[in-house]
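Chains as they are written, first to last, in the numbering used here: chain A, 527 to 826; chain B, 1001 to 1494.
Just so you know, the hints here were simulated from the structure itself, not pulled from any lab data.
Heads up, a few of these hints could be off.
Said to hold, decoys possible - A few chain B positions that, by computed beta-carbon distances, are all more than 10 Å from chain A:
1. 1021
2. 1029
3. 1050
4. 1061
5. 1088
6. 1141
7. 1157
8. 1204
9. 1220
10. 1236
11. 1239
12. 1270
13. 1399
14. 1403
Stated by the list, open to error - Computed list of lysine-lysine pairs in BS3-like fashion (alpha-carbon distance at most 27 Å, straight line):
15. B:1323 <-> B:1361
16. A:738 <-> B:1412
17. B:1121 <-> B:1131
18. A:725 <-> B:1281
19. B:1281 <-> A:795
20. A:553 <-> B:1060
21. B:1412 <-> B:1388
22. A:725 <-> B:1121
23. B:1224 <-> B:1121
24. B:1383 <-> B:1413
25. B:1121 <-> A:553
26. B:1402 <-> A:738
27. A:695 <-> B:1209
To be verified - Example chain A residues on the side facing chain B (calculated, C-beta under 7 Å, incomplete):
28. 547
29. 549
30. 550
31. 588
32. 656
Nothing here was measured: the structure is a model prediction, and the numbers come from that model.
By construction, the Cβ of each residue, glycine as well, lies at the ideal position given by its N, Cα and C atoms.
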Amino acid sequence: MARYMERTNGLLRVLRTNYVASQDEIKQYNWRSVLQTYGYLSPSEMETIQYNSRAVLEYVMLGKENEASLINNITRSRENARAVQDHITKEMWHNLNAYYLLIREPSIRQTIQSGDPITALDALIRHSLLLYGTIDITMSRGEAYSFLNVGRFVERAIIITDVSDIKLKEVNYRLDDELTLPSLRYLLYSLSGYEVYLKTSRGIMTPDTIMKQVLYDESFVHSILYCMSHISRYFKRLEGQSIPESFAHLDFLIGKAYNNLKYSTCDLKGGVSIGALLNQTRSDLYNIAIAFNKHYFGYN
Amino acid sequence: MYWVICYINYELMTIPKILESYNPQEDIWDELMGDDGVRPIYEQFVRSIEGISHEEMEGKDDLAKKLFMTQGITFTVYSDREGVEKIFPFDIIPRVISSEEWSVIETGIKQRLKALNIFLKDIYHQQFIIKDGIIPLKLIYSCPLFLREMMYVDVPFDIYSHIAGIDLVRDADGSFYVLEDNLRTPSGVSYMLENRSMTVRIFPDLIPKNNVRSVIEYPSFLLKNLLGLANRQTSNPTVVLLTPGVYNSAYFEHTTLARLMGIELVEGRDLVVENHHVYMKTTAGLKKVDVIYRRVDDDFMDPLVFRPDSILGVPGIYWAYRKGNVAIVNAMGNGVADDKAVYAYVPEMIRYYLNEEPILKNVPTYALDVPENRSMVFANMDKMVIKKTNESGGYGMLIGNKASEEEMETYKKAILEDPRSFIAQPIINLSTSPCYIDGKMQPRRVDLRPFALYGPDGISIVPGGLTRVALKEGSLVVNSSQGGGSKDTWVLGS
């Protein structure tokens, strides 16, 4: 449930940023990399809509046939929440249900098709924030809260690796080009990291400092290392409720992923090197997710 | 349904219903309509809105108002000693400028700004321009904005006006004139940025479809220039934006720019001078400040040198500046170059310093301390605009054809008492641009304020600016404090 919610939030921000970018460019904006990551279209299907912002938004947000769409994410999250209603608060359930109803409102589709898409995206983002606030204010700091947060940070870390990879793909993994910077600036926008970046870097935009923030800055809530350290933090709280062998296995995987990232010798000036690190990190995160499913949720 | 049909560039262009009642006045340049109908630069935009119903346009207008309100894009107006936050009225129809026209504007502003900077350097050093008889000594020394304290102060890179907002108007003949050079603390750039983000919301997809150039880079250009002004020995300079505080009418702009550049927003009380260096008070102790982008007027900058009752400035900052320990943007004393009486000499400055002919025209200006000018102006007062030389914001101004006899007499009396403080200009028929007001398109007068940034690497101007609009029918005053609004400015790509 938490992973679906985080995925929804992350995806909304990616879509908003890309949409704003599409409106600020003289050249036709290509959504191909977003479609590749958040859709299941064939290359020919992709070609028909990749320059059409509204069509892409409709497919990624409301396409029921798209497994990765927002509407499917929210539906699954709600289904999961229904199954664990005894572990979550009534307020949280109400909020999630309202979210589910909101994305089904005809006005959302209508706004995306012919109105101002940012209005629809902002309404959904606002609801996402409301849900996080509700969780924070109403949930007791017990087992369910820890599971929720582990899921949330695993998913956030995966999203960051995905969107970083999208932006690196857009520039063919070349970071030595001036044209890289607009792409990376939009990466920061997607991760709500632009203002933090300006404050810490004194406005000097260089690809390596941007990637350093996205990968390693532990005070930036959308850096991968921040997420890793929070996965570890919340997971350790589960020790008392865990089978020792399961806990030890997961603890090892989380520690390994954290260290693989923190002590990596990645060349931040080289796109290919960063690409490889992102792949390794994504693989580590999937391993953690799979192990969680196996040891804690009984999926084999 | 009645459709007006006209021919433009040999193509059939139907004028949509929304423009049927649009009647620009004769003898005024209209940005949208020429003698042959819709101008080519507006064609794409007009086509884009022709299918929009009245209800949809109303919806867009409402959305704009709502967005300005929810995003807190406001300015403060003072009345009865009370500050009231108001939305800067925004008109949803953009003003369009062709790439060719922009190219002239850009080159003209760069030329003008270069000359004005040399003038400032000259006037505060050797004063060749006075010695060579180009500008009268009296004119400079009688200017209240001339700061003797700036004599022989060496400013970084000899740049005085790092940020300039040059006001341009278009007369009936279609050519642009410079109305004012704002070289002190020009405001409005945040509205330029916000107006663009509003248009993205109100008319989705129109920006890329119309090939409109981006203005998003402004804060990056500004920050780069500010950092470039820091002492070369400092690898990690601290730049701050000095604001007069939350009650200043442009406070929204101060916060926006500070946020967009990632620099600290400080008030005078946050800074302290010690041993001729400026420091910012932080929770970790004092932190040296290298560059100050100040939005505080000269008079208030340092109570030890200028107005002793100022609590907005920083005691001792003048000497820190004079010693070169801190860079201040814009430099102090710039007012002498945008004094309305000195303005008349800018074309001569361009010829004198650059040996070039001015690209942008000046509005003919009559200094009223010259008796012949005074008599001529008094005889033709209904055809003149009379302005105080050191006022701005639409204050201290009399528009002859709108003024009553009583107002004219009051002005005459004031002019005779202090003629140096007034100039007169013929009334310029500001061009009109379409505005969506009361459910229909109506022509309203506009001006244009592009923002030029002068840094160590030269002058850069983002393609756009603030188009201010006089929303009252028949009004020529575009200032926000006097019932003006603004609209997005589209500079088309080539």
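task = Take a quick look at whether residue 1224 of chain B and residue 1121 of chain B sit within 27 Å of each other, Cα to Cα.
result = With a Cα-Cα distance of about 23 Å, the restraint between residue 1224 of chain B and residue 1121 of chain B holds, given a limit of 27 Å.
query = Are all C-beta atoms of chain A more than 10 Å from that of residue 1399 of chain B?
reply = holds (39 Å)
query = Taking the least C-beta to C-beta distance, is residue 547 of chain A closer than 7 Å to chain B?
reply = With a closest approach of 10 Å, the residue 547 of chain A hint is violated.
query = Is the hinted pair residue 1121 of chain B and residue 1131 of chain B satisfied, with a Cα-Cα distance of at most 27 Å?
reply = Status holds; Cα separation ~14 Å.
request  = Grab the minimum beta-carbon distance between residue 1088 of chain B and chain A and tell me whether it stays above 10 Å.
outcome  = holds (20 Å)
message = Just want to verify: residue 1157 of chain B was marked as not at the interface with chain A; is every Cβ pair farther apart than 10 Å?
response = Holds: least Cβ distance 19 Å, greater than 10 Å.
key: Interface exclusion of residue 1050 of chain B relative to chain A, criterion Cβ beyond 10 Å   = Holds: least Cβ distance 16 Å, greater than 10 Å.
request  = Could you check that no beta carbon of chain A comes within 10 Å of the beta carbon of residue 1061 of chain B?
outcome  = holds (13 Å)
ask   = Does the claim that residue 1270 of chain B lies outside the interface with chain A hold up, using a Cβ gap greater than 10 Å?
value = holds (16 Å)
message = Verify this label for me: residue 1021 of chain B is non-interface relative to chain A, using a Cβ-Cβ cutoff of 10 Å.
response = holds (26 Å)
message = Please verify whether residue 1121 of chain B and residue 553 of chain A have alpha carbons no more than 27 Å apart.
response = Since the Cα atoms of residue 1121 of chain B and residue 553 of chain A sit roughly 43 Å apart, the hinted pair is violated (cutoff 27 Å).
message = Please verify whether residue 1383 of chain B and residue 1413 of chain B have alpha carbons no more than 27 Å apart.
response = holds (18 Å)
The structure is inconsistent with the numbered hints 8, 9, 10, 11, 15, 16, 19, 22, 25, 26, 28, 31, 32, although it conforms to all the rest.
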